[in-house]
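**Student:** Listed below are the residues making up each chain.
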Amino acid sequence: MEVIFILIGISLVLAVTFLFLFFRAMKDGQFDDSYTPSVRILFENQPKKSIKDQPKKSKSYE
Amino acid sequence: MKPFFPNETQSKCYHCGEDCEDESILFDSKKFCCQGCKLVYEVLAQNDLCEYYQLEANPGKSQKENSRLKNRFDYLDDPEVMQKLLDFKNSQESHITFYIPLIHCASCIWLLENLFQINSAIIGSRVDFLKKKVQIKFFHDKISLKEVVNLLSTLGYEPKINLSDLDHKAKSSVDRKTLTKLGVAGFCFGNMMLFSMPEYFSEAKLLGEGFKGLFDYLNVVLSLPIVFYAASDYYLSAWNAVRQRKINMDVPIVLGIVAFFLYSLWEIFALGNPGYMDSLGGLLFFLLLGKIYQQKTFSTLEFDRDYKAYFPIAVTRLVHDKEEVISLTKLQVGDVVLVRDEELIPADSLLLSNQANIDYSFVTGEEVPVPKRKGELIYAGGRQKGDAILLTIQKSPSQSYLTDLWNNESFEKSNKRLLEPLSNQISGVFTWTVLTIAVAAFVFWIGKDVSIAVKAFTTVLIVACPCALSMSTPFTLGNTLRIFGRGKFYLKNASVVERLALIDTVVFDKTGTLTDPANASIEYHGEALSSETKSILKGMVERSTHPLSNRINLWLGKTESLKLDHVREIKGSGVLAVYKNQEFRIGSKDFTGATNLPLSESGNHVFLSVEGVILGYFHIQSGLREGASKVVKDLSQNFDLHVLSGDQAHERVSLGQKLSSDVHFNFNQSPVEKLNYLKELNTQGKNSLMVGDGLNDAGALQESQVGIAITDRVSHFSPASDAILDAESFDKIPSFLAFSRDSRKIIKVSFGLSFLYNIVGLSLAVQGLLSPVLCAILMPLSSISVVVFTTLATNIMGIRKGLIHLNKH
Numbered sequence: 001m002e003v004i005f006i007l008i009g010i011s012l013v014l015a016v017t018f019l020f021l022f023f024r025a026m027k028d029g030q031f032d033d034s035y036t037p038s039v040r041i042l043f044e045n046q047p048k049k050s051i052k053d054q055p056k057k058s059k060s061y062e
Numbered sequence: 001m002k003p004f005f006p007n008e009t010q011s012k013c014y015h016c017g018e019d020c021e022d023e024s025i026l027f028d029s030k031k032f033c034c035q036g037c038k039l040v041y042e043v044l045a046q047n048d049l050c051e052y053y054q055l056e057a058n059p060g061k062s063q064k065e066n067s068r069l070k071n072r073f074d075y076l077d078d079p080e081v082m083q084k085l086l087d088f089k090n091s092q093e094s095h096i097t098f099y100i101p102l103i104h105c106a107s108c109i110w111l112l113e114n115l116f117q118i119n120s121a122i123i124g125s126r127v128d129f130l131k132k133k134v135q136i137k138f139f140h141d142k143i144s145l146k147e148v149v150n151l152l153s154t155l156g157y158e159p160k161i162n163l164s165d166l167d168h169k170a171k172s173s174v175d176r177k178t179l180t181k182l183g184v185a186g187f188c189f190g191n192m193m194l195f196s197m198p199e200y201f202s203e204a205k206l207l208g209e210g211f212k213g214l215f216d217y218l219n220v221v222l223s224l225p226i227v228f229y230a231a232s233d234y235y236l237s238a239w240n241a242v243r244q245r246k247i248n249m250d251v252p253i254v255l256g257i258v259a260f261f262l263y264s265l266w267e268i269f270a271l272g273n274p275g276y277m278d279s280l281g282g283l284l285f286f287l288l289l290g291k292i293y294q295q296k297t298f299s300t301l302e303f304d305r306d307y308k309a310y311f312p313i314a315v316t317r318l319v320h321d322k323e324e325v326i327s328l329t330k331l332q333v334g335d336v337v338l339v340r341d342e343e344l345i346p347a348d349s350l351l352l353s354n355q356a357n358i359d360y361s362f363v364t365g366e367e368v369p370v371p372k373r374k375g376e377l378i379y380a381g382g383r384q385k386g387d388a389i390l391l392t393i394q395k396s397p398s399q400s401y402l403t404d405l406w407n408n409e410s411f412e413k414s415n416k417r418l419l420e421p422l423s424n425q426i427s428g429v430f431t432w433t434v435l436t437i438a439v440a441a442f443v444f445w446i447g448k449d450v451s452i453a454v455k456a457f458t459t460v461l462i463v464a465c466p467c468a469l470s471m472s473t474p475f476t477l478g479n480t481l482r483i484f485g486r487g488k489f490y491l492k493n494a495s496v497v498e499r500l501a502l503i504d505t506v507v508f509d510k511t512g513t514l515t516d517p518a519n520a521s522i523e524y525h526g527e528a529l530s531s532e533t534k535s536i537l538k539g540m541v542e543r544s545t546h547p548l549s550n551r552i553n554l555w556l557g558k559t560e561s562l563k564l565d566h567v568r569e570i571k572g573s574g575v576l577a578v579y580k581n582q583e584f585r586i587g588s589k590d591f592t593g594a595t596n597l598p599l600s601e602s603g604n605h606v607f608l609s610v611e612g613v614i615l616g617y618f619h620i621q622s623g624l625r626e627g628a629s630k631v632v633k634d635l636s637q638n639f640d641l642h643v644l645s646g647d648q649a650h651e652r653v654s655l656g657q658k659l660s661s662d663v664h665f666n667f668n669q670s671p672v673e674k675l676n677y678l679k680e681l682n683t684q685g686k687n688s689l690m691v692g693d694g695l696n697d698a699g700a701l702q703e704s705q706v707g708i709a710i711t712d713r714v715s716h717f718s719p720a721s722d723a724i725l726d727a728e729s730f731d732k733i734p735s736f737l738a739f740s741r742d743s744r745k746i747i748k749v750s751f752g753l754s755f756l757y758n759i760v761g762l763s764l765a766v767q768g769l770l771s772p773v774l775c776a777i778l779m780p781l782s783s784i785s786v787v788v789f790t791t792l793a794t795n796i797m798g799i800r801k802g803l804i805h806l807n808k809h
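Going line by line, the protein sequences match chains A and B.
Residue numbers in the first sequence follow UniProt numbering, run continuously in steps of one, and reach 62 at the last position.
Residue numbers in the second sequence follow UniProt numbering, run continuously in steps of one, and reach 809 at the last position.
Since the hints were derived computationally from the structure, they do not count as laboratory data.
Given the structure is predicted, the values throughout are model-derived calculations rather than measurements.
A virtual CB, placed ideally from N, CA and C, is assigned to each residue, including glycine.
Treat the hints with care, since some could be wrong.
[Stated by the list, open to error] Ranges between beta-carbon positions, derived for each pair:
1) B:PHE667 x A:PHE23: 54 to 64 Å
2) B:ARG486 x A:GLU44: 29 to 39 Å
3) B:LEU194 x A:GLU2: 11 to 21 Å
[As the list claims (entries may be wrong)] Listed below are the simulated DSS-like cross-link pairs for lysine-lysine, each with C-alpha atoms no more than 27 Å apart in a straight line:
4) B:LYS538 x B:LYS571
5) B:LYS580 x B:LYS534
6) B:LYS89 x A:LYS27
7) B:LYS131 x B:LYS84
8) B:LYS563 x B:LYS534
9) B:LYS177 x A:LYS27
10) B:LYS291 x B:LYS633
11) B:LYS686 x B:LYS633
12) B:LYS558 x B:LYS571
13) B:LYS308 x B:LYS558
14) B:LYS374 x B:LYS385
15) B:LYS177 x B:LYS291
16) A:LYS27 x B:LYS84
17) B:LYS12 x B:LYS89
18) B:LYS131 x A:LYS27
19) B:LYS133 x A:LYS27
20) B:LYS146 x A:LYS27
21) B:LYS633 x B:LYS801
22) A:LYS27 x B:LYS291
23) B:LYS385 x B:LYS137
24) A:LYS27 x B:LYS132
25) B:LYS322 x B:LYS374
26) B:LYS131 x B:LYS291
27) B:LYS160 x B:LYS137
28) B:LYS131 x B:LYS488
29) A:LYS27 x B:LYS137
30) B:LYS589 x B:LYS630
Input sequences plus hints: build the corresponding full structure.
**Tutor:** Have a look at this one:
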């Protein structure tokens with residue numbers, strides 16, 4: 001039965017990971033606008049003839 | 001109302017979808033209505049962005065009127081203005097958020113998020129569709145803010161930059177914080193439940209002592225974030241209340257939390273018992289859930305707008321006959337400013353040009369422009385219609401007749417907190433009762449068994465923790481808020497519902513609130529109109545956007561319009577047309593050459609002349625809004641009714657007949673007088689509801705217990721208020737008021753329900769019988785049943801009041 005100690009450890013690590021991901025999503029503003037992404041996802045990413053310097057994701061907000 | 005001809009679809013502008021009238025421009029085998037639309041298409045085609053046109057048909061905005069001067073954004077080069085507008089700036093990039101009213105479809109999102117393909121100096125952009133906002137990030141070395149705005153404006157997406165954008169507002173991250181707390185509480189609560197599971201089913205013995213100890217310690221660890229982070233708002237609120245020698249609902253909650261936590265620690269570490277940590281987690285989780293449910297507000301609507309949200313950020317000043325664009329805050333008395341077509345008068349000023357036509361519809365709700373002559377004083381807040389005019393500033397923008405309203409002390413402090421929420425009224429009694437019972441139980445047991453005495457004392461506090469009690473208010477109010485929202489009545493926050501329930505006096509603004517410009521009564525006086533003349537008239541008024549033209553157009557009904565030569569609208573005067581070599585004019589007295597005609601003093605007059613001979617005139621008076629008289633009659637049974645109007649008193653009799661004789665009419669009310677009228681009602685101890693629409697009602701809306709702003713388009717202009725009502729739901733006002741009272745009753749009944757749970761729980765607790773399992777069952781059960789009850793009750797009431805329609809399409 002001692003294996004339960006390990007299992008509990010794993011389950012807690014997993015749960016904490018999800019909590020951390022939730023924090024990150026919150027900080028990124030995922031919950032601020034719940035409508036626009038539903039439209040954005042339908043746009044097609046057609047290949048452009050000239051791949052210019054694609055925008056890098058900038059994370060520095062404040 | 002444009003007639004629909006199926007064969008016309010081919011001659012629609014590819015960009016904006018408007019009919020290409022005479023001179024359509026053919027480009028790239030596509031038709032465009034004007035050079036502006038073609039230009040936008042060209043820009044997009046060059047950058048390979050024509051997918052814009054595939055996502056939605058004709059997504060653009062007509063560029064016909066976009067011929068304004070290029071220098072109007074010059075103020076954006078001012079470093080001070082720039083610094084105030086930018087969200088973020090470092091050595092390389094700048095971020096800015098614009099409000100763009102035009103954002104209306106998927107194409108808009110797509111184009112605005114592909115700006116970087118047009119100009120490589122733009123790093124990227126992000127649209128918030130519901131708020132109609134776009135955040136743009138750009139390299140400020142390669143492109144200036146002004147150029148960004150110009151680019152947007154070329155594409156037809158001109159951002160709206162108002163004076164209020166300069167006031168630095170801190171981004172509210174309140175909602176994010178509560179959500180994070182809920183996440184933490186949910187995480188801890190869920191895991192604690194799992195670890196407590198063996199305890200519930202008495203399996204702990206089976207697992208052995210080692211596991212039991214581990215689970216209990218894990219529960220203690222998991223309870224720490226809940227007690228010290230997720231619950232922090234409650235401590236703060238309770239502390240503030242106690243410091244003011246008051247007791248609000250959060251005081252018993254905090255008592256409960258502390259008792260829960262300390263007693264569980266004692267149980268686990270001293271006695272080796274399981275404790276109540278899981279119930280504590282559940283309590284906080286449900287409490288925060290209720291808080292968020294109630295917090296749902298209509299974030300896309302703005303309830304706090306003052307005049308700054310309407311005023312432009314910059315004006316064109318004339319210095320030595322040279323135009324310069326300066327920011328409004330630098331405008332001084334004596335400056336000469338140029339105000340073009342559709343621009344706002346920034347401050348009280350004298351007219352230097354010969355004539356002007358000022359549209360005061362923001363201010364008064366009356367949409368027919370007022371003609372002004374040279375030397376007349378023009379109040380700030382009007383909009384010029386027609387040619388550009390010159391003005392000398394008489395007062396600074398913040399001291400003008402209208403804007404001075406905001407310097408009134410009513411805007412300094414809020415006077416709406418006189419009413420305690422229902423939950424706070426009972427929480428004082430509740431807390432003292434619970435404490436008395438706890439002490440009584442302690443005293444009763446102390447002689448017999450000290451450990452049972454301690455247990456009884458703490459468990460009374462734990463079980464009495466008003467979880468269910470404090471859930472009933474947020475869920476009832478949250479539901480009411482949603483039901484109102486479905487009826488197109490948007491409240492600023494949940495506390496407005498409780499204030500609405502206590503209203504006993506209703507005050508209406510007249511123009512634009514009780515009356516509706518679209519419901520105008522039109523009478524024609526003069527020679528009878530032949531059907532041919534009517535058709536000519538129709539052809540003329542269809543080409544004009546003036547509100548009076550629209551009304552005459554409606555009056556003409558389905559008359560076929562004739563194709564006329566040389567139809568021309570002279571802004572501020574009228575419409576001129578030639579038909580069979582005869583000159584037709586409709587418009588103002590001067591424009592048509594009318595001289596001595598008997599005129600009644602009220603309403604507007606539009607004259608019709610042929611070859612200089614007056615045929616007759618239209619007498620147009622604004623009519624009552626649809627359902628207004630019924631609303632007033634319904635309300636007059638239960639409420640004290642008042643009507644405030646800025647107009648002359650000559651309509652008193654006719655209004656009195658149409659509405660109700662019990663109504664108190666007050667005419668000639670200036671914005672400040674309206675405010676003082678409400679103040680007077682307040683000092684009489686009345687709970688007043690103000691219903692208004694224009695900026696001139698802003699003071700009264702602020703001063704009243706509940707201020708409702710009526711608007712035809714909710715996302716558009718409305719002065720600061722507690723609630724925004726879509727004009728089409730005007731007739732539901734009595735139902736809304738009745739429903740807010742029902743929801744107050746529902747809160748009371750659900751209080752009773754949660755008291756019942758408390759009595760059951762307490763009777764167990766005083767006997768020292770409460771166990772962790774019982775607690776874990778009783779807590780969520782009481783909360784959930786209260787939530788279910790309030791949700792069902794509000795919805796049933798909503799259906800009865802006709803605010804919810806079951807057969808939704």
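**Student:** Hint by hint, where does the structure go against what was stated? Just the numbers, ascending.
**Tutor:** 10, 13, 17, 20, 23, 30
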